[in-house]
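Trainee: Turn these sequences into a full structure, and let the hints steer you where they fit.
Quick note, the sequences are listed as chains A and B, same order. Following my numbering, the numbering of the first sequence begins with 1 at its first residue and continues without gaps. Following my numbering, the numbering of the second sequence begins with 1001 at its first residue and continues without gaps.
It is worth saying that the hints were derived from the structure and are not from the lab. All clues given are correct.
Partial list, computed: chain B residues near chain A (C-beta under 10 Å):
#1 Glu1050
#2 Arg1055
#3 Val1067
#4 Val1150
#5 Glu1227
#6 Ser1231
Chain A stretches covered by chain B per the calculated footprint, using a threshold of three residues with CB under 8 Å from any CB of chain B:
#7 32-45
#8 206-216
Computed cross-link-like contacts, DSS-like style, restricted to lysine-lysine with a CA-CA straight-line distance of at most 30 Å:
#9 B:Lys1235 x B:Lys1114
#10 A:Lys171 x B:Lys1235
#11 A:Lys164 x A:Lys114
#12 B:Lys1235 x B:Lys1172
#13 B:Lys1235 x A:Lys222
#14 A:Lys73 x B:Lys1235
#15 B:Lys1114 x B:Lys1242
#16 A:Lys164 x B:Lys1172
#17 B:Lys1242 x B:Lys1172
#18 B:Lys1172 x A:Lys222
#19 A:Lys164 x B:Lys1235
Glycine included, each C-beta is placed from N, C-alpha and C at the ideal position.
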Amino acid sequence: MHTTRLRLVLPALAAALLAVPMRAQGPPAAPPMVDLAGSWAMANDEELLIRVDPGPELENYTGFPLNAAGRQKALTWNSTIQAVPEHQARPHPAQYSMRGPGPNFHMGEVIDAKSRQLVAYTITGLFENANRTIWLDGRPHPSEFAEHLWNGFSTGVWEKGMLKVTTTHMKQAFLQRNGIPSSPYGVMTEYFIRHGDRLLVISQVDDPIYLEEPMVRTSTFK
Amino acid sequence: MTNPRYLAVVAVLALTMVTLRAQQTPAAPQTPRAAAPIDLTGTWVSLVTEEWRWRMTTPPKGDYISVPLSDEGRRVADSWTPAMDGSCKAYGAGGVMWLPTRLRISWDGDQMLKVETDAGQQTRLLGFDETRAPGPRSLQGFSMAAWEPVGGRPYARNGTRLGTPAANGTLKVVTTNLSEGWLRRNGAPYSDRTTVTEYWDRVAFPNGDDFLIVTIVLDDPRYLTGEYTRSAHFKREADASKWRPVPCRAV
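Mentor: In structure tokens form, the structure reads like this:
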């Protein structure tokens, strides 16, 4: 009687114990995510004379790795272009907007109605409403022939708690408000890194037309 | 006699218990060097793409735009003269990371990161050992370092955490015990009551470039009216062949 009971209990116990490590492994872990939602204000005490008013001086290209074509293009820029009606409400492009005056912006969540999963972050409050959407659902970038926009097309992936964002399909625009150009062939890679209540954004614009090497800038928000 | 099947089950059970115990045995605490989530060692060069004219050249006397100097800070800044240019005061922990420089970073034992600059030939010691004595005030002060997870709150909605919490990925450094120094080479000052908080991050871009970004937050109740925040970025170099040490002047 006793042996029979043992014969039944021991295999069950062994199976249960073996199952413990298997359960601990569980389904594949989701990548580390950090809550980026909320309002962020510029907390960056860098080159305020250039970023805010009066803005950068004519022909001040210091710090920008312009190639000959980029310099030629920049030298053709005339500040009176900003008085032309069709330019007066021109948004800041994605290549520049995070480094412009301010910005103070809000990052919002886009939740899929069915899965209830976070599928995108929005960045609103950018100059002239060139607001951005960063898609997190793995969708591909559009065809190279698709329309280019002020905010481009952005996708993001999590890397060790940092949000890595890739932006393509940006318009021909500028890297700084004194005519430093950026072509529509540029690709921007950004990392959004949160340190407590601070947000660090690192951007690299790789522009094969106007830059000798990629342009890297960092900005902090709080 | 004992049933062989029964013996086999007991053997499986014993093996499972041993495995489980081995999994549960706490691992010996790792040293900060062994636990480093990012490798900061190597040679890095600052890419001056921001505030170029205030960093690559000595700004004129009185040009402290962007620096939230207090009245007392302005008074001290205005006492600067061009003859003081090149002073080691510009190469203290509050200012040196913002100057154009190369960094040579290495481990000094298992508890200390050594950061050398070729500009001004300074050495910063970022120590993880909390029992160290701060010593006297100095240009580089006393730096406490700790590995931290990236981010703040874990991502959660309706109280349910989504995704796994971020692992350690940032080096946080808090520096105190500083002697007075400069934020710019034109004498914009920080006082000996300054605390410098830094976050050291490393990222890789698709073109293969490796970057080190140091977010620098200064709190100085004497010479600043509020926090002074900057972020400096450095690109990894393949070797130290471009290392050009230039000393500063003790003025």
